[in-house]
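Protein chains: 2
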Amino acid sequence: MSKLIGIGVGPGDPELLTLKAIRVLEKLDILLLPTGRSGGESEAYHICKEYIPELVSLEKRYFPMTNDKDMMMAAIAEIAGEVKSWTLSGKTVGFVTLGDPMLYSTYGYLLKLLRDEIEVETIPGITSFGAIASGFNKQLCEGDTPLVIYPCVDDLKELDELLSTQKSMVLMKVYKSFERVKALIVAHHLEDDCLIVSNFGKASQKVYYGLEEVNIEELSYFTTILINKEV
Amino acid sequence: MSKLIGIGVGPGDPELLTLKAIRVLEKLDILLLPTGRSGGESEAYHICKEYIPELVSLEKRYFPMTNDKDMMMAAIAEIAGEVKSWTLSGKTVGFVTLGDPMLYSTYGYLLKLLRDEIEVETIPGITSFGAIASGFNKQLCEGDTPLVIYPCVDDLKELDELLSTQKSMVLMKVYKSFERVKALIVAHHLEDDCLIVSNFGKASQKVYYGLEEVNIEELSYFTTILINKEV
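So the protein lines, in turn, are chains A and B.
Taking the numbering used here, the leading residue of the first sequence gets 1, the next gets one more, and so forth.
Taking the numbering used here, the leading residue of the second sequence gets 1, the next gets one more, and so forth.
Incorrect hints may appear among the rest.
The list cannot tell twin chains apart, which means a pair is met if one copy fits it or any two copies do.
[As the list claims (entries may be wrong)] Straight line, CA to CA, 20 angstroms or less: simulated DMTMM-like cross-link-like pairs of lysine to aspartate or glutamate:
| # | residue 1 | residue 2 |
| --- | --- | --- |
| 1 | Lys229 | Glu158 |
| 2 | Lys112 | Asp192 |
| 3 | Lys69 | Glu230 |
| 4 | Lys112 | Glu41 |
| 5 | Lys112 | Glu50 |
| 6 | Lys202 | Asp155 |
| 7 | Lys49 | Glu161 |
| 8 | Lys173 | Asp68 |
| 9 | Lys84 | Glu121 |
| 10 | Lys182 | Asp144 |
| 11 | Lys91 | Glu41 |
What the hints contain is simulated information worked out from the structure, not anything from laboratory work.
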């Protein structure tokens, strides 16, 4: 029954783990812990560590968060090779991921390299934007309105058009791009339809109900803006 | 501590309940069960019933699923009145919802009527599309690609444009509109990028890897199409 299991652990609160995630964590041989900085800590591990048996072998690996896709894919390919050899030697290997594993997660790249090579199972997780919407009693979308999830990690080339045509949006990873995102939101007169949350569910959480309040020094990589013109 | 608690129970598998949902279910006085047909069963209840103590009072209410918004809002306003009177008499009232409560759920309308009147707490749930993506090891989106969630419940007026400009989409509630959706997918040559799932996670689940295989008689209201041009 050796395989790779990708496990979504949700955005921060251990109570948002699913029963399935917990059952699976308890039967692992090896847990691969992704870190975004060399020598850094795995945030996903901190969310679920109380459910990981002591006998599970923890293997921390550095997944570079970089715009250099070749460098990133080379690092992931090397880790995929390790995962493959572990599973072929009979081990069940877990990979924990913040939020949901199928939504902008490094796990997706690992999955593509391995799903035709070894058995892979994936456990979904609560998304950051879903948890924020519930946490603030603010609907993401209703009726026949589409919901657009937009990662603010690159050139934002479509964001202007989407802000003008869409009613319900989630802007994820608003961090380095905050000033440009802010300018677009102001241009579309959406200042009053925004909820801005940095590090949701963590001790360092910051919430802003308007753009002018934002202290850019406090914004983390995990900054999310919910926009809903209808509610 | 009386309040309304909206509880996402996920798409079908009880193992996809969160620890928080289970903890909250165990402390309710009243559980409001939405049904989509008069006299029908609550699917959300079946997912979580093993965690509901016997002493919890079950109150089934009919939430009409209709395009007549006035009729729908009148029914919801009446139920909101009941919830308000229960909470004012000291009861903790739960409302279970399939998937996530903030994403196309009737709960959203109830929430809007009550959140300024009584205390309301909301617990997020695993979405159907997140669970389907994990269940089939198919990424929803990656990198800087937006993800568009599109409910196929109305005139599909934006769908043509979105299918031409977007790489990653989730089409929800593809049911009455299947033939029109199919024609648009074929027009955009996306047949091979589709995964079609009806009643995910239930005994009646059907999976199709192409449009031509679909037996329209088998499609349920809960039919989802994942489109990803990149993976």
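Point to revise | Which numbered hints fail | key: Failing hints, ascending: 4, 5, 6, 7, 11.
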